[in-house]
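*Asks:* One letter stands for each residue in the lines below.
There are 4 protein chains.
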Amino acid sequence: MANLKIAFAPQVEPSAVPATAPFAMVNYGCRITHRESAFAMSTLTAVVDDLVAANRILAGLGVLDGFGHVSVRHPDRADCYLLARSLAPELVTRDDIMTFDMASAPQNRDTRTPYLERFIHGEVFAQRPDVISVVHSHAATVVPFAASSVPLKPIYHMSSFLRTGAPVFEIREKFGMTDMLIRNNAQGAALAEKLGDNSAVLMRGHGYCTVGGSIPEAVFRAYYAQLNADLQQRAVALGGTVTYLEDEEARRYDETNRSVIGRPWGLWKAKFAPKD
Amino acid sequence: MANLKIAFAPQVEPSAVPATAPFAMVNYGCRITHRESAFAMSTLTAVVDDLVAANRILAGLGVLDGFGHVSVRHPDRADCYLLARSLAPELVTRDDIMTFDMASAPQNRDTRTPYLERFIHGEVFAQRPDVISVVHSHAATVVPFAASSVPLKPIYHMSSFLRTGAPVFEIREKFGMTDMLIRNNAQGAALAEKLGDNSAVLMRGHGYCTVGGSIPEAVFRAYYAQLNADLQQRAVALGGTVTYLEDEEARRYDETNRSVIGRPWGLWKAKFAPKD
Amino acid sequence: MANLKIAFAPQVEPSAVPATAPFAMVNYGCRITHRESAFAMSTLTAVVDDLVAANRILAGLGVLDGFGHVSVRHPDRADCYLLARSLAPELVTRDDIMTFDMASAPQNRDTRTPYLERFIHGEVFAQRPDVISVVHSHAATVVPFAASSVPLKPIYHMSSFLRTGAPVFEIREKFGMTDMLIRNNAQGAALAEKLGDNSAVLMRGHGYCTVGGSIPEAVFRAYYAQLNADLQQRAVALGGTVTYLEDEEARRYDETNRSVIGRPWGLWKAKFAPKD
Amino acid sequence: MANLKIAFAPQVEPSAVPATAPFAMVNYGCRITHRESAFAMSTLTAVVDDLVAANRILAGLGVLDGFGHVSVRHPDRADCYLLARSLAPELVTRDDIMTFDMASAPQNRDTRTPYLERFIHGEVFAQRPDVISVVHSHAATVVPFAASSVPLKPIYHMSSFLRTGAPVFEIREKFGMTDMLIRNNAQGAALAEKLGDNSAVLMRGHGYCTVGGSIPEAVFRAYYAQLNADLQQRAVALGGTVTYLEDEEARRYDETNRSVIGRPWGLWKAKFAPKD
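Protein chains in written order, with the numbering used here: chain A, 173 to 448; chain B, 173 to 448; chain C, 173 to 448; chain D, 173 to 448.
Don't read these hints as lab results, they were simulated from the structure.
Here the structure is a predicted model, which is why all the values come from computation and not from measurement.
Idealized CB from N, CA, C, for every residue including glycine.
Incorrect hints may have been included.
[What the hints assert, rightly or not] List time: in silico EDC-like cross-link candidates among lysine to aspartate or glutamate, alpha-carbon distance up to 16 angstroms:
{"#": "1", "chain 1": "B", "residue 1": "LYS443", "chain 2": "A", "residue 2": "GLU262"}
{"#": "2", "chain 1": "C", "residue 1": "LYS443", "chain 2": "B", "residue 2": "GLU262"}
{"#": "3", "chain 1": "A", "residue 1": "LYS443", "chain 2": "D", "residue 2": "GLU262"}
[As the list claims (entries may be wrong)] Short derived list, chain A residues pointing at chain D, Cβ under 8 angstroms:
{"#": "4", "residue": "ALA407"}
{"#": "5", "residue": "GLY438"}
{"#": "6", "residue": "LEU439"}
Next up, chain A with everything else stripped away, as it sits in the complex (with noise of 0.2 angstroms):
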């Protein structure tokens, strides 16, 4: 899986990322991650610093609280992700990340708690061999969209990602009555297969989900999926009609997001990352 490594090579310069680059190819495009370089630490360090980061980064945007949680591919074995033990995502360190095989068992012997819905995260890999990384989250604005018959479209540019949908989960219909979460397999499959090709899926009386070509874009869906979600809602209050985006200029605007998702992402690092 070499093209991972490319993933998070953090040298090249954001103005030689061509418009189309894969996301494989996606630069941070902040100095401020100059750290990361690739000749002061291995690949598989720069990604778990990314993960550590994501953690506190949606924890501090409001995004996560004390349940949540983000998850990358393994930058080195591709049938391997790696997620924090069960910890609320702001507190989660270097140390806490475990690694997980496709069927959410924890490898190396590792006998620490897991989350009981890693199956998400294994699920989702398994069926998107394009995902890198997966979030999933309760955050207050998008919960009534997973209860409510109005679907979640995109209001604006930011939030393109939407453009296809973010298809509900109902989880009684496969499973009848459960506690709700995603506690195996089948359960992960169900819900990977809801998200189709899809960058978000919504759980009804539950969460929601998203996923991205890199840890920037995962987080970064997860963050404008919920502000998406409030500026719908506010439109909608408004009474007159919406105009959502078209289809034509949110497949576009995905594109461009690639060669500027270095500027929040920046941003939040040098906001919520732990200080070494």
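The hints should help you fit chains B, C and D onto chain A, whose structure is shown.
*Replies:* What follows is chains B, C and D alone, placed relative to chain A:
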């Protein structure tokens, strides 16, 4: 009341807690709290520390402002409870904790000014032997539901404890014109009756109370009751149909919650509890 | 005006304050304020300290931003009042406090730039001898009620002071086209007349004012007026019927509030007042 | 362009500014800014300091997040403007400021990555010689109005600058399918035309821009445009009739505002500008 000591014993590993463990065996499940070790300090000391933490947490989370309070049943004397003297929760320290009997009379010849509404706590503890902790709040999102004909209902798993409903206490029914406060045992008893076997009770023109089988559980419910109110409000405003949790879904999650409540509690203590 | 000195005497124990105490005997009821002791500094010094604290508190609570102001009647000269020079409340220090007479003319040959709208304060103090402190604010939740045909009403006990209503001042009625500001004594007098015997007055296209029998009371009312506006808005948006406080309930709580107002005031001073 | 130097001269006393002073004579009116003295540093240095402050202020107030930008006309070269390199506003320092000509080409052989949307600034400066500063934002409360058929209108004096309206720019009209960004001079010119003589323009599916006769004025308008959007939304949701400012009221306040704008600006600089 020996089982209460177990309730606060911190050294049981979360993974060792059976899914059906009664509240009294709930362990906070967070390594951060290991200074509460029974070996390091007495149970009463640990409970008072948690009560102080609960005051600071509820203020830090915006559930309480200058008003409102949180209590805990006395760990050694089931006929008594602990509650701060009349003081804003954000300022409460160990030295501010007073002991009251079930009639809400101060013990130990304590002459400090108590909260006018301590009778809420005394009567709930008297009528509900399963309750270990009580929170009373005026949180902004809940007061509208206490004044509205629209009932508060669980919109996601985090507020599963609302599954049996949050009845609205109308003080005029038994007491006519009052200053809205629960100022004596008769008013406290009427409120406790309205609470019944539920986990929350709304108070018309005033606020609400949540109860729990531990301090973390009562705090968790106070926090998520006000969050659910905001989410439900948003869902209603979208104008579509809204799907609430089924009773069985909520009942199942309520059990699950006992094994994960240590996660937000650990975070909240780390953020808001006084550093010794 | 000897009774005003009593108003700020800090050493009366809260428990010693009878429920029917007139505002002038209100003691802040918080040990944190004991440095205001009449033995340690003069009444004027204590009042100025409280006025500075009120500026910082209102900014800290988000009731005031760069605009708005708070005044207090002069403790030794009933025909004068104290108000900061033209400066954002969050930046006000002791040295910024100016003295004005009832016509809002600066005293002591003070040539610093005063607030354009100081006439609000002068005219309210002139028409309402019971008023000791006045707050003028543009707080976000209240401006909509000042522009709407929907009246602001008390939804819970904390805003009992709204029981007699918060009339809307329409500056066009007497003054036609203006820049919306209260720029002279005639405009101030018309606003004070609209206030009448109420505790709050809304100003169409502008903001609102609250008055109180002490600095803490005026600040408390400014804070809870804007909180009530948010709560009422939420209750209305739920779409059901809304029950407001009965006049007698509100009247009774208003009296109770005098004995507990020291609790939020103590908290707010501890959080926002300048540390010497 | 000598009058621009006057625009930033800090030593004119606010009281000396006539009510009819043109924008170029506006003094910030706050002693806090006296380190900008023309005696202590050159005009360009002072302008760059204010531009950096504007970046931090807009981020600190939540008007900008990782995206958005603020520019100022060059004080010595009316055919140029100053704007940060592509960077989150909260991170901008003096060294990040670039110079562009009216065609938005970087000057001084500066090869750093510029904002993709710098053409907004170049074209507005070209078409509006009275404009000294431009802000572009995606603030959450305004985007709904940019997507809705409901027009943004001034609900109180602070947003008087909206009196002539905030037209909505529909990029599809001239450019069909785009990525929604203003990526070239033709798109910038169309946006500037839609802005016309107004102080704000909304951008469908994107955000908005405000302009001003000084940095503080453009920042003030960016802040109060998004606050007005929230207030108007709340007023609409109340369901009654809403009274907006009359044109003449707004026109008069707009003039007044020139003499008081130094107050929030002084506060914002004190809170958010970098300490040297």
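*Asks:* Could you run down the list of hints and mark each one as holding or not?
*Replies:* Verification of the hints:
1. Restraint check: the Cα-Cα separation between LYS443 of chain B and GLU262 of chain A comes to about 10 angstroms, which is no more than 16 angstroms; the hinted pair holds.
2. Under the criterion of a C-alpha separation no larger than 16 angstroms, the hint pairing LYS443 of chain C with GLU262 of chain B is consistent with the structure, at around 10 angstroms.
3. In summary, the hint linking LYS443 of chain A to GLU262 of chain D is supported, as the alpha carbons are separated by about 10 angstroms, within the 16 angstroms threshold.
4. With a cut of 8 angstroms, the hint placing ALA407 of chain A at the interface with chain D holds, because the nearest CB-to-CB distance is about 4 angstroms.
5. Checking GLY438 of chain A against chain D by beta carbon gives a least distance of about 6 angstroms; that is within 8 angstroms, so the hint holds.
6. Checking LEU439 of chain A against chain D by beta carbon gives a least distance of about 4 angstroms; that is within 8 angstroms, so the hint holds.
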